[in-house]
Every structure is written in C-alpha cells, then in structure tokens.
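Peer 1: Each chain, written out:
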Amino acid sequence: MADSQVNSPEPPGGNGWRREYWKRNIRLVTVLLVIWFAVSFGCGILFVEQLNQITVGGFPLGFWVAQQGSIYVFLLLILVYCLYMDRLDKRFGVYEYDDEAGVGTEEGGEA
Amino acid sequence: MSQIQLWTTVFIVLSFGVYMVIAWRSRVRETEGFYVAGHGVPTVANGAAIGADWMSAASFISMAGLIAFLGYDGSIYLMGWTGGYVLLALLLAPYLRKWGKFTVPEFVGDRYSEPVRSLAAVAAILISFTYVVGQMNGGGIVFSRFLNIDIAYGVMIAAVIIFVYAVLGGMKSITWTQVAQYTVLITAYLIPAVAVAQVMTGIPVPQVSFGQILNGLNELSAQLGLEVFTDPFTSRPMVDIFLVTMALMIGTAGLPHVIIRFYTTRTVRGSRYSAFWALFFIALLYTTAPAVGAFTKFNLLEGVNGTATDDLPAWVDNWAATGLVTVNGNADVINSVSNDPAAGADLTVNNDILVLASPEIAGLPAPIVGLVAAGGMAAAMSTAAGLLLVISSAASHDLYFRYFRKTAGDRERLMVGRIAMAAAIVVAVVAGINPPAFVAQVVAFAFGMAAASFFPAIVLGIFWKRCNAVGAGAGMAAGLVLTVGYMLYTLEVFGLQANDHVLGISPEGIGAVGAVVNVLVAVVVSKMTAPPSRYITEMVEGIRYPAKRLEPAEEGGR
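As given, the protein sequences belong to chains A and B, one line each in that order.
If you use the numbering used here, the first sequence corresponds to residues 1 to 111, in order.
If you use the numbering used here, the second sequence corresponds to residues 112 to 669, in order.
Be aware that one or more of the hints could be misleading.
What the hints assert, rightly or not - Simulated DEER-style distance windows between Cβ atoms:
{"no.": "1", "chain 1": "A", "residue 1": "Leu33", "chain 2": "B", "residue 2": "Pro226", "range": "25 to 35 Å"}
{"no.": "2", "chain 1": "B", "residue 1": "Ala533", "chain 2": "A", "residue 2": "Gln50", "range": "50 to 60 Å"}
{"no.": "3", "chain 1": "A", "residue 1": "Val56", "chain 2": "B", "residue 2": "Ala533", "range": "46 to 56 Å"}
{"no.": "4", "chain 1": "A", "residue 1": "Gln50", "chain 2": "B", "residue 2": "Ala453", "range": "29 to 39 Å"}
Stated by the list, open to error - Mimicking DSS-like on lysine-lysine, the simulated pairs with C-alpha atoms at most 25 Å apart in a straight line are:
{"no.": "5", "chain 1": "B", "residue 1": "Lys209", "chain 2": "B", "residue 2": "Lys659"}
{"no.": "6", "chain 1": "B", "residue 1": "Lys212", "chain 2": "B", "residue 2": "Lys576"}
{"no.": "7", "chain 1": "B", "residue 1": "Lys659", "chain 2": "B", "residue 2": "Lys576"}
{"no.": "8", "chain 1": "B", "residue 1": "Lys659", "chain 2": "A", "residue 2": "Lys90"}
{"no.": "9", "chain 1": "A", "residue 1": "Lys90", "chain 2": "A", "residue 2": "Lys23"}
{"no.": "10", "chain 1": "B", "residue 1": "Lys576", "chain 2": "A", "residue 2": "Lys23"}
{"no.": "11", "chain 1": "B", "residue 1": "Lys576", "chain 2": "B", "residue 2": "Lys638"}
{"no.": "12", "chain 1": "A", "residue 1": "Lys23", "chain 2": "B", "residue 2": "Lys638"}
{"no.": "13", "chain 1": "B", "residue 1": "Lys209", "chain 2": "A", "residue 2": "Lys23"}
{"no.": "14", "chain 1": "B", "residue 1": "Lys659", "chain 2": "A", "residue 2": "Lys23"}
{"no.": "15", "chain 1": "B", "residue 1": "Lys209", "chain 2": "A", "residue 2": "Lys90"}
{"no.": "16", "chain 1": "B", "residue 1": "Lys212", "chain 2": "B", "residue 2": "Lys659"}
{"no.": "17", "chain 1": "B", "residue 1": "Lys576", "chain 2": "B", "residue 2": "Lys209"}
Stated by the list, open to error - Quick look at which bits of chain A chain B covers, simulated, 3 or more residues with Cβ under 8 Å:
{"no.": "18", "stretch": "64-78"}
{"no.": "19", "stretch": "83-92"}
None of these hints come from the bench; they were simulated from the model.
A quick note: this is a predicted structure, and the numbers were derived from the prediction, not measured.
Here a beta-carbon is modelled for each residue, glycine too, at the ideal position from N, C-alpha and C.
Please model the complete structure; the sequences and the hints are all you need to start from.
Peer 2: Take a look at the structure:
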C-alpha cells in the first residue's frame with residue numbers, strides 16, 4: 001500500500017464506521033446464506049418430491065435443482081458477494097487499490 | 112500395443128512433459144514461495160488451480176459413475192462439493208487472506224493457542240492423508256487399465272512425477288502445474304460429454320440435453336432391476352441425504368488444502384474473486400457430470416439389455432481384465448445389472464470405471480479414450496500434490512519447528528519441508544496400493560473430519576471475538592472424537608465390526624453432526640472460561656477490514 005495515504009489519526013469515536021461496515025457485511029452474508037440454504041437444502045432436498053411433479057425440458061424440477069440449478073445459484077451468490085463487497089469497501093474507504101492487473105508472477109517467489 | 116494404449120501413452124507422456132517444464136520454470140528458493148507462492152498468484156489462475164486442486168480422482172473418475180447408479184441421490188456429491196464454496200467465499204477466504212501467513216493450523220495457533228495449533232496440525236495431517244490415499248489409488252486405476260501395468264507400478268509412477276515437481280517447487284510450481292492440469296482435465300471431460308450429447312440428442316450441451324433421455328433411462332432401469340433414476344431417497348433416507356450434503360459442504364470449506372489456496376492471492380479482494388473463479392471452473396465439470404452419468408448409464412444398459420453373454424460389446428472384455436467389470440458365469444443373457452457384487456446380477460459394473468469407459472461404451476475413437484486417461488491422471492495428481500503440500504507444511508512448519516528447532520533459518524525450513532513431503536509421498540504410495548474402500552468413499556471420510564474440526568473453529572475465530580482457546584480446543588476435540596468414533600462404530604475398518612446406523616445417519620453424514628457439536632461445546636466452554644486477551648481481540652478486529660482506511664469516497668462513515 002502507498003504510504004502517502006491520508007491516514008489521519010482516528011477522531012474521537014471514529015471507529016463508528018467499523019461497526020457500520022461490519023454490520024452491513026453481516027447482513028449481506030446472512031441474506032446470501034439464507035438463499036443458499038433455501039435453494040440447496042429447501043428445493044433440492046426437503047421439497048424435492050413436491051417439485052418433481054413439475055417437469056421442465058424433460059427434467060423433473062426438484063431433480064434439476066439438485067443436480068444443476070443449485071450449482072448455478074451458488075455461483076451467482078458468490079458473484080453478488082464479490083461485487084457488493086467491492087462497493088462496500090469503496091464506500092468505507094477500505095478498498096484495495098493495489099490491483100491484480102499485470103501481476104508479475106515471477107516476482108512472487110523472488111521478492 | 113493397441114490403438115487405445117498407443118494414444119493413452121502419447122497423451123500421458125505429453126501432459127507429464129508439460130507439467131515438468133512448468134515445474135522447472137517456477138521452482139522456488141524461499142519458504143514463502145514454497146508454502147504460499149509468495150502471495151503472488153493472479154485471481155483467475157488461482158481459480159483454475161483451486162479447481163484442479165479440488166477436483167480429485169473422486170470427482171473425475173468416480174462421481175459420474177456414482178451418479179449413474181445413485182440417480183437423484185448422487186446429488187449429495189454435486190451440491191455438497193460445490194455449495195461449500197459459498198461458505199468459503201463468504202465466511203473464510205477474505206479474512207484468512209487478510210491475516211496472511213502460511214498454514215491453516217498457524218491461524219488457529221495465532222487466534223487461540225499453541226496446543227490448539229498442534230491439535231489442528233495433527234487433524235490437517237490426518238485429513239489430508241485420508242484424502243491422498245484415494246488419489247493415489249485413482250491414478251493407479253488409470254495406469255492399470257490403459258497401459259496394462261499393475262496398479263502398484265501405476266501408483267509408483269504417479270508418485271515419482273508428483274515428487275519431482277512438488278518437492279522442487281512447492282506451492283509455486285504446484286499452482287502453475289495445476290493450471291495446466293485443470294486445462295487437461297476439463298478438456299478431457301468435456302469433449303466426450305459433448306460428443307455423446309450431440310450423437311444421442313442432437314444438442315451439444317450435455318447440461319441441457321440429458322433431460323431428453325431421462326424418461327427412457329427410467330424405463331430401462333426399471334427393466335434391469337435398478338432404481339428409477341430421478342426418484343429421490345432410494346438409497347438413503349431424506350435425513351441422511353440432508354446430513355451428508357451438509358457434511359460435504361462444511362467439509363469442503365474446512366479442508367486445509369483448499370483453504371490454503373486463498374492465502375496465495377495478492378489481495379483480500381483477489382481471494383473473494385478466486386472463490387468465484389474456482390467455483391466457475393469447478394461448475395463446468397460438476398454440471399456436466401450428471402449428464403455423463405445419465406448418458407453412460409443409458410448407453411450401457413441399452414447395449415447389454417437382453418444381449419447374450421457371448422455377444423457383449425468389446426468394452427466389457429477390455430474392462431473385465433481389471434476385475435472392475437464381471438459377467439455372471441451362470442447367465443446366458445443379461446437381464447440384470449448392478450454396481451454391487453453382492454447383488455448377484457448378470458452384469459456387475461464398478462462405479463469407478465464409468466467415466467473412463469464412457470468413450471468406449473459410446474464407441475468414440477481411440478484418441479479420445481487416451482485423452483480421458485490423461486485427464487484422470489491430471490485430476491489425481493493435482494489433488495495429491497496440493498494435499499502433500501499441506502501434510503509437509505503441517506509436519507514441518509507447525510510441528511517440527513515449534514517443538515524442536517525454533518531458531519531454524521530459511522534454508523533449513525525449506526529443506527525440512529521437502530523432506531516431510533518426500534516422506535508423505537512414500538507413505539501415500541504404500542496406502543494407495545492397498546486402499547480401505549471405494550475412492551469416493553475414502554474421500555468422504557476426510558470431509559467428515561474437516562467439517563467437525565476446522566470449519567467451526569475458524570468461523571468462530573473470525574466472527575465471535577469472545578471465543579477463546581479452551582473453547583475452540585474443546586470444540587475441535589469433541590467434534591473429532593464424535594465423528595471418528597461414529598465412523599469406526601459403523602464401518603468395518605481396522606478389524607472392527609460394523610454396527611447399524613443410529614437414526615439413519617450414515618458415517619458420511621456424521622461430520623455435520625460433529626460440526627454442530629463442535630460449535631456447541633466451543634460456545635459453552637468459552638462462556639465458562641475467561642475471554643481472550645485484548646491483543647487477540649485486536650487481531651480479530653484487524654482481519655475484518657481488507658485495507659487501512661483511506662478517506663472514504665463518499666461520506667461513508669455515517
């Protein structure tokens with residue numbers, strides 16, 4: 001990280017942002033995990049028999065969620081998390097500007 | 112030498128050559144490079160490396176075969192081995208990267224205490240070792256079928272190759288080799304799957320097109336005395352499906368060789384995106400696997416249904432040589448098929464061969480068969496290398512230097528790490544030649560242990576500042592004892608007798624219960640003992656924010 005960053009000493013009670021940042025982080029994670037559980041364990045296992053009554057493209061729906069749909073949802077959940085956390089980091093000034101672009105991998109071992 | 116042997120040799124020699132070149136070019140000289148590739152791996156490459164590290168012989172060789180015979184119930188592997196990445200990305204990866212050291216036990220040690228670190232190191236060795244045995248055996252199967260050499264020699268050849276590049280280059284060369292191995296294994300998996308989908312349904316996207324054959328497959332299965340493919344809960348009750356899926360998910364997020372990959376990125380942000388790319392690369396194979404399972408089973412059943420035993424397709428003879436396919440001597444015509452030798456069906460097919468045999472079963476040309484063999488080897492070797500690294504780092508970094516040589520310099524640390532890895536490989540070869548159970552099952556037990564030990568301890572360590580060393584240690588011990596105890600109770604291992612499952616919970620699912628017990632014990636014991644020191648609370652606070660705070664872009668601190 002650059003040393004020139006504005007790193008003013010914390011004003012009195014200046015850690016309020018930390019609580020706020022963490023609270024938002026926890027809220028996001030909770031929402032995403034509820035969806036994670038509802039799709040995989042809810043639709044994929046607990047209610048699979050009811051959903052199997054519906055057929056889409058040759059697949060019984062519950063079977064499809066368990067073997068295909070849930071995986072797509074997992075992927076989407078992680079993407080949403082990454083994007084939302086980028087926004088949150090920027091907003092609270094803890095975004096890492098030391099970016100990945102053009103990483104010199106050779107330097108990794110030698111540095 | 113047959114066409115298939117020739118092409119297999121070509122592909123295996125070619126791919127091994129590529130791995131060796133990469134390994135040589137990325138060899139390392141310092142501890143940091145050896146354990147975490149100098150924290151310098153770009154996000155997408157790390158994702159591919161995690162994919163290869165993660166997708167083992169079990170994923171590549173066994174999973175589609177298991178799904179073919181389990182039908183819906185095979186979803187435990189599909190959801191269980193992908194859903195864990197959500198937990199990893201949301202609960203572990205960014206925080207562990209921010210903390211940023213070498214091993215998983217090291218985090219546990221810093222957050223809790225030295226004895227807990229030692230316990231974690233032993234657990235890491237135990238888990239990784241259980242897992243590596245399956246890989247060695249998977250590699251051996253590939254060699255013995257396609258090159259007609261004994262499984263024992265096959266295992267040894269695979270071990271020598273892994274030895275060379277893992278010992279030479281540590282994490283750095285393992286990572287870059289794994290990127291190449293991912294490419295080989297996914298190509299090898301997708302080409303035959305796409306070809307079969309195109310031939311059978313006219314739609315070259317297996318994920319979509321296997322819906323077309325499900326009805327026919329259900330009918331064929333019923334005729335040959337197998338369970339209806341899409342029906343749930345035919346092999347396990349719902350409660351067990353739930354618990355096994357949960358255990359595999361939590362276990363995935365608790366496996367040291369997976370967690371450690373998130374240490375290798377440059378930034379916290381990079382570790383989040385690594386999780387995304389990892390699951391993306393894994394999903395390519397995992398969404399294809401059920402299609403491969405369904406298509407192969409359909410082809411297999413259609414090819415043998417009502418066929419006279421003298422007239423069976425050529426692949427049956429080829430595979431009968433390995434002992435993994437057997438035709439019942441008393442049968443004239445095939446009227447029943449099973450994967451269970453005890454069922455006494457006319458044709459018995461081992462789960463583990465279906466992917467390897469699928470190009471032959473579908474009548475695809477020899478080069479594709481050879482490519483699949485190289486893919487299977489890539490899957491087994493990439494995972495084994497990642498696991499061996501964990502074993503070596505736990506043994507040297509977390510145990511040896513803590514207890515014997517606290518003042519060792521960088522050179523000595525590196526040397527001991529290499530020796531530990533070499534020793535681990537030797538033990539893995541011996542166990543790989545003589546494995547305790549099916550490849551996928553062996554792996555499932557490693558998950559139970561990881562679920563019951565690491566995951567709860569680490570998550571509590573990040574999200575609950577009040578959690579202390581005594582609590583975490585007691586929780587891990589309780590979770591492990593329950594999980595391992597139940598596995599020993601229900602399985603026939605080490606000369607013990609197998610007992611009935613309690614409440615329908617299988618030994619694969621007990622890890623989920625172990626994890627809950629771990630959390631409960633950790634919370635109760637932590638509450639009863641003194642809170643952790645201020646220093647530790649500050650450390651936990653520190654890992655929660657990715658970077659030092661700059662002036663916020665907007666008025667963010669409101």
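Peer 1: Confirm or reject each hint.
Peer 2: Each hint tested on the structure:
1. A/Leu33 <-> B/Pro226: 25 to 35 Å: Check passed, 32 Å falls within 25 to 35 Å.
2. B/Ala533 <-> A/Gln50: 50 to 60 Å: Once the Cβ atoms are compared, 55 Å apart, the range 50 to 60 Å for A/Gln50 and B/Ala533 holds.
3. A/Val56 <-> B/Ala533: 46 to 56 Å: 53 Å, holds
4. A/Gln50 <-> B/Ala453: 29 to 39 Å: 34 Å, holds
5. B/Lys209 <-> B/Lys659: Holds. B/Lys209 to B/Lys659 sits at ~11 Å (cutoff 25 Å).
6. B/Lys212 <-> B/Lys576: 20 Å, holds
7. B/Lys659 <-> B/Lys576: Given pair B/Lys659, B/Lys576 holds - Cα atoms ~20 Å apart, limit 25 Å.
8. B/Lys659 <-> A/Lys90: 12 Å, holds
9. A/Lys90 <-> A/Lys23: Measuring from Cα to Cα gives roughly 16 Å; hence the hint holds.
10. B/Lys576 <-> A/Lys23: Given pair B/Lys576, A/Lys23 holds - Cα atoms ~15 Å apart, limit 25 Å.
11. B/Lys576 <-> B/Lys638: 11 Å, holds
12. A/Lys23 <-> B/Lys638: The hint holds at about 23 Å.
13. B/Lys209 <-> A/Lys23: Distance of about 19 Å is within 25 Å: holds.
14. B/Lys659 <-> A/Lys23: 18 Å, holds
15. B/Lys209 <-> A/Lys90: 17 Å, holds
16. B/Lys212 <-> B/Lys659: 18 Å, holds
17. B/Lys576 <-> B/Lys209: 16 Å, holds
18. 64-78: This one holds; 11 residues, not fewer than the three required, reach chain B with a Cβ under 8 Å.
19. 83-92: holds (count 6)
Checked against the numbered hints listed earlier, the structure breaks none of them; every hint is satisfied.
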